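Trainee: Let the sequences and hints guide you as you build the complete structure.
2 protein chains.
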Amino acid sequence: MSNRGYIVPIGGAEDRSRDGVILRRFVELCGGSKARLAIIPTASQLEETGPNYEQVFEAIGVREARSLPFEQRSDCDDPEALEVLSRATGVFLTGGNQLRLSTVIGGTKVAQLLRRRNAEGLHVGGTSAGAAILSEHMIGYGDEGNVPRAGMAHLAPGLGIFQTIVVDQHFAQRNRFGRLLAALALNPRLVGLGIDENTAAFIGPDDVMRVVGEGSVMVLDNAKVGHTSADRAAPGQIIDVHNVVLHVLSHGGKFSFQTLQPV
Amino acid sequence: MSNRGYIVPIGGAEDRSRDGVILRRFVELCGGSKARLAIIPTASQLEETGPNYEQVFEAIGVREARSLPFEQRSDCDDPEALEVLSRATGVFLTGGNQLRLSTVIGGTKVAQLLRRRNAEGLHVGGTSAGAAILSEHMIGYGDEGNVPRAGMAHLAPGLGIFQTIVVDQHFAQRNRFGRLLAALALNPRLVGLGIDENTAAFIGPDDVMRVVGEGSVMVLDNAKVGHTSADRAAPGQIIDVHNVVLHVLSHGGKFSFQTLQPV
Chain A
1 MSNRGYIVPI
11 GGAEDRSRDG
21 VILRRFVELC
31 GGSKARLAII
41 PTASQLEETG
51 PNYEQVFEAI
61 GVREARSLPF
71 EQRSDCDDPE
81 ALEVLSRATG
91 VFLTGGNQLR
101 LSTVIGGTKV
111 AQLLRRRNAE
121 GLHVGGTSAG
131 AAILSEHMIG
141 YGDEGNVPRA
151 GMAHLAPGLG
161 IFQTIVVDQH
171 FAQRNRFGRL
181 LAALALNPRL
191 VGLGIDENTA
201 AFIGPDDVMR
211 VVGEGSVMVL
221 DNAKVGHTSA
231 DRAAPGQIID
241 VHNVVLHVLS
251 HGGKFSFQTL
261 QPV
Chain B
1 MSNRGYIVPI
11 GGAEDRSRDG
21 VILRRFVELC
31 GGSKARLAII
41 PTASQLEETG
51 PNYEQVFEAI
61 GVREARSLPF
71 EQRSDCDDPE
81 ALEVLSRATG
91 VFLTGGNQLR
101 LSTVIGGTKV
111 AQLLRRRNAE
121 GLHVGGTSAG
131 AAILSEHMIG
141 YGDEGNVPRA
151 GMAHLAPGLG
161 IFQTIVVDQH
171 FAQRNRFGRL
181 LAALALNPRL
191 VGLGIDENTA
201 AFIGPDDVMR
211 VVGEGSVMVL
221 DNAKVGHTSA
231 DRAAPGQIID
241 VHNVVLHVLS
251 HGGKFSFQTL
261 QPV
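Chains A and B are the protein sequences, given in the same order.
For the first sequence, counting from 1, position 132 maps to 132 in the numbering used here; every step adds exactly one.
For the second sequence, counting from 1, position 237 maps to 237 in the numbering used here; every step adds exactly one.
None of these hints come from the bench; they were simulated from the model.
Please read all numbers here as calculations on a predicted model, not as lab measurements.
Take the hints with a grain of salt, since some may be wrong.
As the list claims (entries may be wrong) - Ranges between beta-carbon positions, derived for each pair:
| no. | chain 1 | residue 1 | chain 2 | residue 2 | range |
| --- | --- | --- | --- | --- | --- |
| 1 | A | 61 | B | 261 | 50 to 58 Å |
| 2 | B | 143 | A | 227 | 44 to 52 Å |
| 3 | B | 189 | A | 231 | 33 to 41 Å |
| 4 | A | 236 | B | 28 | 24 to 32 Å |
Said to hold, decoys possible - Take a look, some chain A residues computed to stay more than 12 Å from chain B by CB distance:
| no. | residue |
| --- | --- |
| 5 | 32 |
| 6 | 59 |
| 7 | 63 |
| 8 | 64 |
| 9 | 113 |
| 10 | 117 |
| 11 | 140 |
| 12 | 182 |
| 13 | 196 |
| 14 | 207 |
| 15 | 225 |
| 16 | 229 |
| 17 | 252 |
| 18 | 253 |
| 19 | 258 |
To be verified - Which stretches of chain A does chain B cover? Using the computed rule of at least three CB atoms under 8 Å from a CB of chain B, they are:
| no. | segment |
| --- | --- |
| 20 | 34-41 |
| 21 | 143-152 |
| 22 | 166-178 |
A virtual CB, placed ideally from N, CA and C, is assigned to each residue, including glycine.
Mentor: So, in structure tokens, the structure goes:
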């Protein structure tokens, strides 16, 4: 088992009350009352997002919860902010627009620090846009619908905290089954995680995911895909895909990304 | 290869113009200008449904298109109607309410004749409710949503024309992925077919399905399912299912129900 910290994508709209099971579990993981959390609210355009999460985590009970409002790329060189990230036991990325996260933070010292420190044990969680950005290949935006169609999923480089998955969030609520399939059809080597609202995937250093929360996490495993028509489907046309393996998991469910099987 | 006739479930809302590719193909199969079609409009509560389909098939060009308005179980003993069915080259079941079809026709001479004559070569097609009824285990009604939940799919005995599949129709349009998964989780031996509107599955005597039309047919193969929580999920609770194999097929796609693989 590596020393890597947990990676915790959340499907958005998580319960932010003191009793919210996902955020409580994240806080416990990060040290409970000794936790020092750094919040990255960059995805959001709302000024109150960072301070709101400070209050949420303080109400659950942490030693420190500090919002780091990176608004432009040059903010990501700020020594004080990098110091806060260096001593954090957990980092939380808020929702908003994942392309704002990738364009402001991608390739900066903040992104490097997150990857390096996660490999050394820092826990990194994110909700909605903050979940999408955790993967190397991120769905930047796309269209709703159950059926995969060419052009439905627009990819962008994410932070690359977890290389082999593509996360999609608000999954059932925004009917994103088709766009996740469409993203995966482009190169079947990746595994898709469709995470519902108020639901989280706690991915441990053993590469085992534990599902926490109200909804489901769908795992789309394309390792056995023998055929996809993604290379030749015209825009809007259905993408044929054969032999996708699907797992539906709910609270308490476990899945290993090493064996690609439920545990 | 058996002598069985084609079985043609259609996902509803098929193009009924003269150029509609699905109904044209069905007519060709049944003999084109020599086709004698019997229409069973029982699922529909609208008196015009049967006569409308007579006109649709006559416009495409058939020798005979005759609606048989079975409205109560005793109508299914009518010798003249049974005679029409006996000399038909194809039978078409309209949309409406599949429970009306099963309660009026199920167990009657009409149902027996359809099964026996299909085994001998009669082509049987149906749209929407008329597609659902073709399977042995039919989804009578249920709830929308992507995630399978206990109680989401209510089963009823269908006509049993095709034993090993469960058909769901208006599949993407009415967001029925969850209810088909929920139906299959009850006993993973069956294969699910989720058929979109204006889309058909032409299942030949070789047990190979050919997809025709605008949308997709999703095949949900549960043969490798190692675990489902359908036995203990409380009403409304998510049903965990592991190792469902999914195929997305569009116009021109083929799938064998013998090998359970695309062709």
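Trainee: Decide, hint by hint, whether the structure agrees.
Mentor: Hints versus structure:
With their beta carbons about 54 Å apart, residue 61 of chain A and residue 261 of chain B fall inside the hinted range of 50 to 58 Å. For residue 143 of chain B and residue 227 of chain A, the Cβ-Cβ distance of about 33 Å falls outside the hinted range of 44 to 52 Å, so the restraint is violated. About 35 Å separates the C-beta atoms of residue 189 of chain B and residue 231 of chain A, a value consistent with the hinted range of 33 to 41 Å. Against the hinted window of 24 to 32 Å, the Cβ-Cβ separation of residue 236 of chain A and residue 28 of chain B comes to about 28 Å, which satisfies the hint.
Every beta carbon of chain B lies more than 12 Å from that of residue 32 of chain A, the smallest distance being close to 29 Å; the non-interface claim holds. Every CB of chain B lies more than 12 Å from the CB of residue 59 of chain A, the least distance being 28 Å, so the non-interface label holds. The non-interface label for residue 63 of chain A is consistent with chain B: the shortest C-beta to C-beta separation is roughly 35 Å, beyond 12 Å. Non-interface status of residue 64 of chain A relative to chain B is upheld: no Cβ of that chain comes within 12 Å, the nearest being about 36 Å off.
Every CB of chain B lies more than 12 Å from the CB of residue 113 of chain A, the least distance being 36 Å, so the non-interface label holds. Distance to chain B confirms residue 117 of chain A as a non-interface residue, since its nearest Cβ pair spans about 34 Å, more than 12 Å. Chain B leaves residue 140 of chain A outside its interface by the beta-carbon criterion, the shortest separation being 22 Å against a cut-off of 12 Å. Consistency note on residue 182 of chain A: stated as away from chain B, yet its beta-carbon is not over 12 Å from all of that chain's, at 10 Å minimum.
For residue 196 of chain A, the condition that its CB be more than 12 Å from all CB atoms of chain B is violated, with the nearest at approximately 7 Å. With 12 Å as the threshold on Cβ separation, the claim that residue 207 of chain A sits away from chain B holds: the shortest Cβ distance comes to roughly 17 Å. Residue-level check failed: residue 225 of chain A sits 10 Å from the nearest beta carbon of chain B, not beyond 12 Å. With a minimum CB-CB distance of about 8 Å to chain B, residue 229 of chain A fails to clear the 12 Å threshold, and the non-interface call is violated.
Annotated as non-interface, residue 252 of chain A brings its C-beta within 12 Å of a C-beta of chain B; the closest such distance is 9 Å. Remark: the non-interface label on residue 253 of chain A conflicts with the geometry, its nearest Cβ contact in chain B lying 6 Å away (cut-off 12 Å). For residue 258 of chain A, the condition that its CB be more than 12 Å from all CB atoms of chain B holds, with the nearest at approximately 16 Å. Residues of the segment 34-41 of chain A lying with their CB closer than 8 Å to a CB of chain B number 0, which falls below the three-residue condition for coverage.
Look at the segment 143-152 of chain A against chain B: 4 of its residues bring a Cβ nearer than 8 Å to a Cβ of that chain, three or more, so the hint holds. Chain B is given as covering the segment 166-178 of chain A, and this holds because 5 residues of the stretch bring a CB closer than 8 Å to a CB of that chain, at least three being needed.
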